[in-house]
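Student: So for the sequence shown, UniProt numbering puts the first residue at 1; every next one is plus one.
Bear in mind the hints are in silico, worked out from the structure with no lab data behind them. Just to be clear, a hint being listed does not mean it is correct.
[As the list claims (entries may be wrong)] With beta-carbon atoms standing in for the labels, derived distance ranges:
(1) N47 / L126: 19 to 25 Å
(2) R64 / Q112: 34 to 40 Å
(3) K84 / T109: 35 to 41 Å
[Unchecked claim] Distance condition first, Cα-Cα at most 30 Å in a straight line; then the derived DSBU-like pairs of lysine-lysine:
(4) K84 / K63
(5) K100 / K18
(6) K115 / K66
(7) K66 / K106
(8) K63 / K25
(9) K113 / K25
(10) K78 / K114
(11) K84 / K106
(12) K110 / K78
(13) K100 / K63
(14) K84 / K114
As the structure is a computational prediction, the values presented were derived from the model and not from experiment. Positions of the beta carbon are idealized from the N, C-alpha and C atoms, including for glycine.
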Amino acid sequence: MNIVYPTLVEQAYYGMLKRGYDYPKEEIYKALIEANLIDENGNPTQNALDNNLVEECDSDVLKRFKAQYPIFMGVDDKYFTVTKRKDVLVNVAGIEKFAKTMLLAKSTTKCQKKKARALLTYLSTLD
1 MNIVYPTLVE QAYYGMLKRG YDYPKEEIYK ALIEANLIDE NGNPTQNALD NNLVEECDSD
61 VLKRFKAQYP IFMGVDDKYF TVTKRKDVLV NVAGIEKFAK TMLLAKSTTK CQKKKARALL
121 TYLSTLD
């Protein structure tokens, strides 16, 4: 089962991962609640906002998208388009760059690498 964690949990997870700490997201979620930084829905608490421990989300749609899906943080903004309905689209070149990045990342699992290779193979048939 694939659990979708709140944005602040994802940000905390990837921030810790960059520093060499690989804690389960469930533990991070519970710790943020216990520290009164987020509520059970993943929203920042008034305490967290008052003490500048988190910032209110920027109104920029692409920034919010990347915060919600940090796996796309390494993909340059030029590969994205935001529609009038505020949907975020990634073009083929951006997906290709993303897949290649996944293949090179040390934290990518064998299963993820297999999917990235399959995606690149599929994209090569689109030309």
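Student: The structure should be examined with respect to each hint, and the outcome stated for every one.
Tutor: Checked hints:
no.: 1; hint: N47 / L126: 19 to 25 Å; verdict: 49 Å, violated
no.: 2; hint: R64 / Q112: 34 to 40 Å; verdict: 24 Å, violated
no.: 3; hint: K84 / T109: 35 to 41 Å; verdict: 37 Å, holds
no.: 4; hint: K84 / K63; verdict: 16 Å, holds
no.: 5; hint: K100 / K18; verdict: 19 Å, holds
no.: 6; hint: K115 / K66; verdict: 21 Å, holds
no.: 7; hint: K66 / K106; verdict: 20 Å, holds
no.: 8; hint: K63 / K25; verdict: 22 Å, holds
no.: 9; hint: K113 / K25; verdict: 21 Å, holds
no.: 10; hint: K78 / K114; verdict: 26 Å, holds
no.: 11; hint: K84 / K106; verdict: 37 Å, violated
no.: 12; hint: K110 / K78; verdict: 29 Å, holds
no.: 13; hint: K100 / K63; verdict: 22 Å, holds
no.: 14; hint: K84 / K114; verdict: 35 Å, violated
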